[in-house]
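S.K.: Chain A is already provided as a structure; the job is to place chain B on it using the hints.
For the record, the sequence lines run as chains A and B.
Per UniProt numbering: the first sequence = residues 1 to 427.
Per UniProt numbering: the second sequence = residues 1 to 427.
Treat the hints as calculated values from the structure; they're not laboratory data.
You may find that some hints are simply not true.
[As the list claims (entries may be wrong)] Quick list of simulated restraints, FRET-style, between CB atoms:
hint : chain 1 : residue 1 : chain 2 : residue 2 : range
1    : B       : N74       : A       : V310      : 51 to 59 Å
2    : A       : L159      : B       : R131      : 41 to 49 Å
3    : B       : A348      : A       : N223      : 56 to 64 Å
4    : A       : L159      : B       : R59       : 38 to 46 Å
5    : B       : P151      : A       : E142      : 19 to 27 Å
6    : B       : A194      : A       : G224      : 53 to 61 Å
7    : A       : D309      : B       : R131      : 48 to 56 Å
Heads up, the beta-carbon is just placed ideally off N, CA and C, and yes, glycines get one too.
There are 2 protein chains.
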Amino acid sequence: MSIAPSVPHVIDRATCTALDAADPLAGHRDLFDLPEGVVYLDGNSLGALPRATAAHVQRVIAEEWGTGLIRSWNDAGWFTKPVDLGDRIAPLIGASAGEVVLGDSTSASLFQVAVAAARLRPERRVIVSERGNFPTDLYVLESVQELLGEPARPLERRLVDDEGPTLADVLGEDVTVVVLTHVNYRTGRMYDMAEVTRQVHAAGAIMVWDLCHSVGAVPVDLNGAGADFAIGCTYKYLNGGPGSPSFVWVAERHQAAARPAITGWHGHAKPFDFDVEYAPAPGVTRFRVGTPQLLSVAALEASLDIWRDVDMDLLREKSLRLTELFISLVDSRLAPWGVEVVTPRQSARRGSQVALRAGVADGYAVMQALIERGVIGDFRAPDLMRFGFTPLYVSHADVWDAVAVLEDILSTEVWREPRYARRGAVT
Amino acid sequence: MSIAPSVPHVIDRATCTALDAADPLAGHRDLFDLPEGVVYLDGNSLGALPRATAAHVQRVIAEEWGTGLIRSWNDAGWFTKPVDLGDRIAPLIGASAGEVVLGDSTSASLFQVAVAAARLRPERRVIVSERGNFPTDLYVLESVQELLGEPARPLERRLVDDEGPTLADVLGEDVTVVVLTHVNYRTGRMYDMAEVTRQVHAAGAIMVWDLCHSVGAVPVDLNGAGADFAIGCTYKYLNGGPGSPSFVWVAERHQAAARPAITGWHGHAKPFDFDVEYAPAPGVTRFRVGTPQLLSVAALEASLDIWRDVDMDLLREKSLRLTELFISLVDSRLAPWGVEVVTPRQSARRGSQVALRAGVADGYAVMQALIERGVIGDFRAPDLMRFGFTPLYVSHADVWDAVAVLEDILSTEVWREPRYARRGAVT
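The following block holds chain A by itself, in its conformation from the complex (with noise of 0.2 Å):
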C-alpha cells in the first residue's frame, strides 16, 4: 500500500485545482452522469450513476427481455451472470476466479455466510462482533444464535469496542466466529485485515469480513490476509445502483466443506435436474440461493466495466490525498466552532470517508443545510456527518468547496433555521 504525497502546507483553491489537473484519475470522472452544481460526497452510502449504465439496462430490457424473452437464461447467460460478475468483482478484493458469487442484499449474504462459517467450528458457540458494526450485522447475527443455537448448547453473541471487552479480550477457545467490518460504516476507521485475521486464527476461530465500505474505496488482499468468508456490497463505492446485488467470498480452502445456510435451487449441483434432494454445486456457486434480480445484476454489470482500468494503488493515493485534503482544511478552517475529526488521521487505518461531529452546531441541521447547497453527504445518529470521497468522481476542487460552504453555514449559522430541524432520517 502506497503513502498518499503530502497534501501542501499552504492550501488554497488553486492549490486544489492544480492537484486535479495533476490526477492521474481525473479523466474517470467524465465517466459519471453527475448532476451540475453538486458536490457528492455520499458514495459510501449510494454511488453515482455511471454514464453506460441506462444504456446497457435499456438493452437487456428491450432485447433480452423483450425479444429475448425465456431464451436469454442460455442466449444471453442470464443464469451464470453471479458467478461471471463475482468473476470481476474478485481482483478487487485480492480474490481467485471461482471465489466470488452474487447474492441479494447485503444482510442475506451475511446470514448465508455467517451460518456456514459458524458450522466449521461446531463445538465453539460464541460469535464475535463488534459494538459499532453496520447493526444489521449484528441483527443478523441475532439469527444465526437463535438458528444454531439449542437449548441446551446456546450460542452466544459477544460484542466488544475499544473500551472493552476488546476483541483480544474475547478471543478463546470457545469463539467460533468472528465477524468484522472492514472499514467502518461511521468512523471510517480501517482494520488490518492481514493482522485481525491472523490473531482470529491463532485462537482457532473462523473470521468473516463485511467489506460492504472496503469495495472500491481501498485495495482489499483476502487472500492475502488468509481470510476465511466475506460478503460486500456493490451500491456504494462500486456503482452498481440502488441496491444492486451483494457478493459472497469463500476462500476457496473452505468451499468443499461449507454447508450455506439457505440451500436454494441455484446453488444445486444440477438445477434442472429437477432432484428432490439437495446437493451443493462445486465451489462458491452454492451460496447461490434463487433467481438473481437480473435487471439490479444489469446495472452492476455496465458499472463493474470501468473497473477493468482502475489502478489499485492510484485509487488509494487519490483516496488518501482527498481525505487528508479535507481533514487538513476542516482543523484549519472549522476549529472555530468546535469542529472535530472523528476518523482516525493516520492513513493506513483510514478507509475513504472521514465522520465530523458537528462541535456547537447540530450536525443533523448543518448537514441539511449542506445538502440543500448542493453539498452531499450524511448524517447518522446520533451525531456524526459522514463525508465519503469517491476517487473515481470526487475532485480536490469539491473537497475544497465542501469546506468552504460547511464554513459558511457554520458562520452565518444557517443551520438554525427551523427547515433544517431534525424530523427524518437519510439512508
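M.R.: Okay, now just chain B, sitting in the frame of chain A:
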C-alpha cells in the same frame, strides 16, 4: 369462480379469431412489447415485457438515481417501496393492505416464512411438502430442517404425492407446517386452497402456500381460505421482469407472533436508530431483510400498473377458454402421435398452463423445433412440454397457431434432426 364458456365443437382458425374479436381482454395485448412472429406460451416462466416498463426504469435510473442520488431514499419513496408494492399485489391474492411485502427470491422468501411458520408450532417435528413441488421449495425445507432441528429433537421432512403417502395419510399431531404450491409448476394441477387449508388446520398445522404459478394466473383468496403464510413470484404472470422480487404474505393474525428467519435492518422497528439489538417492525414489514434491488423493483412497479384494471373473473374465464381450446385441439389433432395431456381436464383443478407428453416423439427435441419456429414454450425433465397461457397477451389465434406448428413438427418428423437433440436445458 366462474365457469368458462364451452369452446365450440367445430373449431377452425376463424372460430379462434372470432373468439379474439369477442374477448374483453384482447386490448391488453397492446400493453406488451411482444416480438413479431412469436407465439409466446412461456409467460408461466418469464412474463412478457410491458410497453411502459423501459421508460419507467429509465426514469428511475436517470432521475431518481442519477439526479436524486441518495436523496431518493426519502424523496422517491425508495425505502417503503417493498411495502407499497406489497399493498398493490394484495388485491390479486385476496390479501389485505399491510399483509404483503416484497422479498428477494421466492427461495429466500420461503425460507424466511417457513422458519416463522414452524416456530409457531415448536413442539411438532414434521414438515410436509409434495414430492412434485418445485424443487427449490424442497431444498429450502432441508435448510429449515437443518436449522430448526436439534440432535435430540430432529425435524423431519415428509413428502406426499398421489401414489401415497398422501397428505391425509401424513397429517397428524406431529406436523408443524405444510408447504404446497397452489398450481403445480409441471402439470398445472391446482389445489382447492380452501379445502386443503381446512384439512391442514384440522390437524393443527400451519399452511404455507407457494403462489408462483397462481398470482396473476388465477383468482386467489388467501384470507377467504383462512391460510397462514404465502410467498410468490412476480416475474411470471405479473410480468415484473427477469428475477423481479418475490413477495411474502403473512395473515394479519400471525404477524405479531411471527419471528422471521433472517432478522435484517429493513425489518427493524426503527432502522435509522441504529440500535445494537434487533426489534421487529410491526406487521409484515419485519419480514424484510436488507436493501431492496430497486431497479428490479422499478420494473415490477411498472408492470403492476396494468393490474389496476384487470377483472380477475374475466381473466379466469379467458384463461380457461385458452387452456380448454388448447386441450381440445391437441386431442383432436395430435392423437396420431400419442400426444398426451397431463394437466387436469377438470377446469377447477387447472391453473393457466397445460403440460403435454410428446408420445412417440422426443419432447425435448419437439420443443426446440417449436421454439425455432417462434412458438415458445419450455421443457421440463424428464418428459414434459409446458405451455403457459397468459390471458393478458395470449390470443385464441395463438393457440390455434401453436397447435398447427406442433402438428407440422410431428407429422414431418423434423424434430428428429440432430440440431434439436438434447444438450442443455431452458429455465
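S.K.: Which of the listed hints are not met by the structure?
M.R.: 1
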